[in-house]
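Listed in order, the protein sequences are those of chains F and S. Numbering of the first sequence is given in our numbering, commencing with residue 1 and proceeding in unit increments. Numbering of the second sequence is given in our numbering, commencing with residue 1 and proceeding in unit increments.
A hint or two may mislead.
Which copy is meant is left open, because identical chains are indistinguishable; a pair holds if it fits in one copy or across any two.
With a straight-line cut-off of 25 Å between C-alpha atoms, the simulated BS3-like cross-links for lysine-lysine are [unchecked claim]:
| no. | residue 1 | residue 2 |
| --- | --- | --- |
| 1 | Lys75 | Lys423 |
| 2 | Lys460 | Lys315 |
| 3 | Lys416 | Lys202 |
| 4 | Lys82 | Lys472 |
| 5 | Lys59 | Lys103 |
| 6 | Lys75 | Lys248 |
| 7 | Lys368 | Lys464 |
| 8 | Lys406 | Lys162 |
| 9 | Lys472 | Lys368 |
| 10 | Lys489 | Lys368 |
| 11 | Lys82 | Lys157 |
| 12 | Lys243 | Lys202 |
| 13 | Lys90 | Lys406 |
| 14 | Lys423 | Lys313 |
| 15 | Lys202 | Lys255 |
| 16 | Lys90 | Lys165 |
| 17 | Lys162 | Lys347 |
| 18 | Lys75 | Lys162 |
Simulated from the structure, these hints should not be mistaken for lab results. Bear in mind the structure is a predicted one, so any value in this text is a computation, not a measurement.
Listed below are the residues making up each chain.
There are 2 protein chains.
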Amino acid sequence: MKSIGTSLARAALRKLKIDLAKISQPRLFSSMASKDREDAFSNPDVQQMLLNLHHSMVKTLIDSETKELPVCNFKQPEELLKALDLEIEKEPASNDTILDACKSVMDYSIKTASPRFMNQLYSGINPSCLAGSWVTEVLNTNLHTYEVAPVFVMMEKYMMRKLSKLVGYDNGDGVLCPGGSFANMLGMHLARVQIDPDIKSKGMGNNKKMVLFASSEAHYSIAKGASFLGFGESNVVRVETDKIGMMKPDVLDQKIQECIQQGSIPAFVMATTGSTVLGSCDDLNAVADVCEKHGVWMHVDAAWGGGVILSEKYKHLMNGVHRSNSVAWNIHKMSTGLVQCSIFLTKSSGMMEECNRFNAEYLFQPDKHYDVSYDIGDKTVQCGRKVDILKLWTLWKSRGDNGMAKQTDNAFENAKYLVDQIKKREGFRLVLPEFQCPNICFWYIPSRLRNKEENADWWKEVSKIAPQIKRKIMEDGSMMIGYNPLTTKGYVNFFRVIITNPMTTPQDMDFILDEMDRIGHAL
Amino acid sequence: MKSIGTSLARAALRKLKIDLAKISQPRLFSSMASKDREDAFSNPDVQQMLLNLHHSMVKTLIDSETKELPVCNFKQPEELLKALDLEIEKEPASNDTILDACKSVMDYSIKTASPRFMNQLYSGINPSCLAGSWVTEVLNTNLHTYEVAPVFVMMEKYMMRKLSKLVGYDNGDGVLCPGGSFANMLGMHLARVQIDPDIKSKGMGNNKKMVLFASSEAHYSIAKGASFLGFGESNVVRVETDKIGMMKPDVLDQKIQECIQQGSIPAFVMATTGSTVLGSCDDLNAVADVCEKHGVWMHVDAAWGGGVILSEKYKHLMNGVHRSNSVAWNIHKMSTGLVQCSIFLTKSSGMMEECNRFNAEYLFQPDKHYDVSYDIGDKTVQCGRKVDILKLWTLWKSRGDNGMAKQTDNAFENAKYLVDQIKKREGFRLVLPEFQCPNICFWYIPSRLRNKEENADWWKEVSKIAPQIKRKIMEDGSMMIGYNPLTTKGYVNFFRVIITNPMTTPQDMDFILDEMDRIGHAL
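Pulled out of the complex, with its shape left as it was, chain F reads as follows (with noise of 0.2 Å):
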């Protein structure tokens, strides 16, 4: 991006009828202490870096929210390399040169701002969030101690209160993870700690086999956090789902009933809202019967779905979580906050810190001279955590409730529109009747394909066609849509679109299947 003068950006201001008198100037500070330094803040040079960098960074967020860049500007791993020139030499690097690496970094990475990133379950920036996020860095401190983070300890208590009275939880606490598969592990932790206190200092080995239950649409990260955790991954059983994708609760009944007949500990349950391909909702007022019946910690991952509770319209999908012991929910994905924003929630409050305390006295100091249950730093197994809650709260406060609502319903009316079409076009089928989420799948069938036998040799060559129109599409720059198989189903790959952006418009579900047509109709 080259720099334009005064000059022009006056005529641009005029152009935008804005009052030149209502706008502030930019300003140089100066200090005297410390400017002559290279890497200080109040040298000049660094100044007009970072001021520099913020127009650069700006405008890349206007060019993608308005598709005016395209949405990838696709390398291969060996080309890229060459392009990025990523050495670091034994002398510094002038405040130019850092200044064109992180313009170097805008340009060759993707825009995930831009209304045509559905790659994702997340897209789409929100200023105000974006706003927290930069200010948390500047302050650049962790949440454990109100002493270095007071404003973040009460920011967080204030939010964590208001989401746990949202999913009906009266006397809930929670506390912000890094990532959904995190917090869905410390569901597993509370849950194993609840049915043997004694297993925080006595570790695994000294009980019956414990086992995990979710179904088989349900998110990768109970096998990973089941093996993390010591549970074994072969102890995760997963529950049969209907053909939309939700758990049948009575299997998980009898896989529980099982279980104990095995001599085994049902530990944990965990109910999905809104499942990773499908975007699948199991009814948890179900999950929950049999939960309540067998005494089994219910945990429900709603890291992709927690949105819909906001929305009047989609609350239902959630009907009965506040009978679940905790939930992961990702305000970075429905809702649009920054990556990373993941809450975890729990009913038990106290529970936390009482799986995790450890009282490490260089940190929690008893005689402090405040009142040391504001020290949080004990509700989790990190130490040190990263500030994610400014720029939620920045988020929300920004929109409102409403606003906040809204967003679930536009994500949830963009969806509908595309699969309104779909059902429409020629060439494309979808996975489902209808998606519970605003994740909609489908596979695209090109002119050779169509009305003809569809046996094992027709999927075969389906299943050809995402990835081709993948590579098309990305090295056109046009749009980013993932697609996978689903063995669970037995389906080949499909695409997948996944619909968060604020900024889309039924106009963009159009231009993606005017795209794959474009692109697959002859493949």
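Place chain S on chain F using the hints.
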């Protein structure tokens, strides 16, 4: 901070003798596509908010770094709650409200960029590192596939190779983690799978008891990790240390032998470079001798001390690290990267994938159009992973290898100066005769307690001094320094000054001691 007009800014620039022609002016960008949206970057109000915030953030950093701002603006929790107004309404908040809130957050937060923040193992902010972290937020992605994070995948590969070589792993690999505790846990996880690959599947119940070893000065994450990973806290054996806190290798050897005699498996030895409180550095060669003798996985927790390896002068403190199996190293501590920048390294390339591979089919499709070995998500147990690599790269690039070394040397030099001054001053007493790292521990003895019999009552009185001084310095906002007792050594409350901030000077060291004396002598 009030905004100032163009003429004032120009006057300030003239004063600084900066050539205006060389300074690019700010711009407001225009776009018609979405600028009518409240939350669009193309909305000029949003741009103005972000620009004002930029100035406010840079001003805060300058004033923190140059000590024009107090380190803290302490309020008791309930007072702070009133000052903050955290309430979120149903309706959206304006951009002005978000800006004001961000400023208020900065006002009441700790200025960890200040050279007088010596309370934690991090202090000081490097502008290039900050630039990298801001850009990371703008690009908002996850570090699991090349597809969504091409630049960051290449950057992480480059840096992990560079860091592996630094610790002497010829064919090593690594991954960035959410904190040093997590990095230590990854080490435990790998160690256990190396002993029995079936553990991943079968869990911890099927084996002989596995025991973990660390010195009595080692970080408490060994206990939290043992609990979380299913080993159990009681299966952590703490090994006695010598006078300056170094693990006694002969005691380690003996404890491992006892473990074997009891029919248990010695699974993991965690040596420490830079213990959290005393800064002790274990003799890694001596520990390696014991580990090799018994075939035990050796992990080095260099979360705090890892920066020594960058300096020709202090790298000897990690002699023998190449013989270890894994290392945890927080660049955000001694090397002042931004929180979090926690590296896990292992000698056994491929071992991380072996432990954590799950091949989730919705992320790691084998038929992608690039070399899928660049999809690195299965290196760890997280799924989505925050990008921490760009800020690490920009930090290192801006300093060069020599600048990284200088940062370490500077911290040690200031620490040495502080020790020398403490030795000279009445009323100050060092906790150890010598310190291996730049965390310096000492008691302050007020006038009334000097030259008295040092019995239990005397020490009880001394223990009350640090909390009182701490209270006063926080209320004054003049500096932040932690205190704690050290039960393992029988020490009552003492101060721990941690020196990492590159802006710290010997004058700051004098200031600390002057202030303590001023506040404390009559206590």
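Status of each hint after checking the structure:
1. Lys75 <-> Lys423: neither (35 Å within a copy, 60 Å between copies)
2. Lys460 <-> Lys315: Neither. Shortest intra-copy (39 Å) and inter-copy (58 Å) distances fail the 25 Å Cα cut-off.
3. Lys416 <-> Lys202: The answer is neither: 51 Å in one copy and 43 Å across copies each exceed 25 Å.
4. Lys82 <-> Lys472: within (22 Å within a copy, 55 Å between copies)
5. Lys59 <-> Lys103: both (11 Å within a copy, 24 Å between copies)
6. Lys75 <-> Lys248: neither (44 Å within a copy, 52 Å between copies)
7. Lys368 <-> Lys464: between (64 Å within a copy, 11 Å between copies)
8. Lys406 <-> Lys162: within (18 Å within a copy, 47 Å between copies)
9. Lys472 <-> Lys368: Between. Shortest inter-copy distance 12 Å satisfies the 25 Å Cα cut-off; intra-copy 61 Å does not.
10. Lys489 <-> Lys368: Answer is between: at 21 Å across copies they meet the 25 Å cutoff, but 57 Å inside does not.
11. Lys82 <-> Lys157: Between copies, since 14 Å is at most 25 Å while 47 Å is not.
12. Lys243 <-> Lys202: neither (43 Å within a copy, 31 Å between copies)
13. Lys90 <-> Lys406: For Lys90 and Lys406, the Cα distance is within 25 Å only across copies (11 Å; inside one copy 52 Å).
14. Lys423 <-> Lys313: This pair counts as within: shortest intra-copy Cα distance 23 Å, inter-copy 70 Å.
15. Lys202 <-> Lys255: Classified as between; 19 Å across copies, 28 Å inside a copy.
16. Lys90 <-> Lys165: Classified as between; 15 Å across copies, 54 Å inside a copy.
17. Lys162 <-> Lys347: Classified as within; 13 Å inside a copy, 45 Å across copies.
18. Lys75 <-> Lys162: between (44 Å within a copy, 23 Å between copies)
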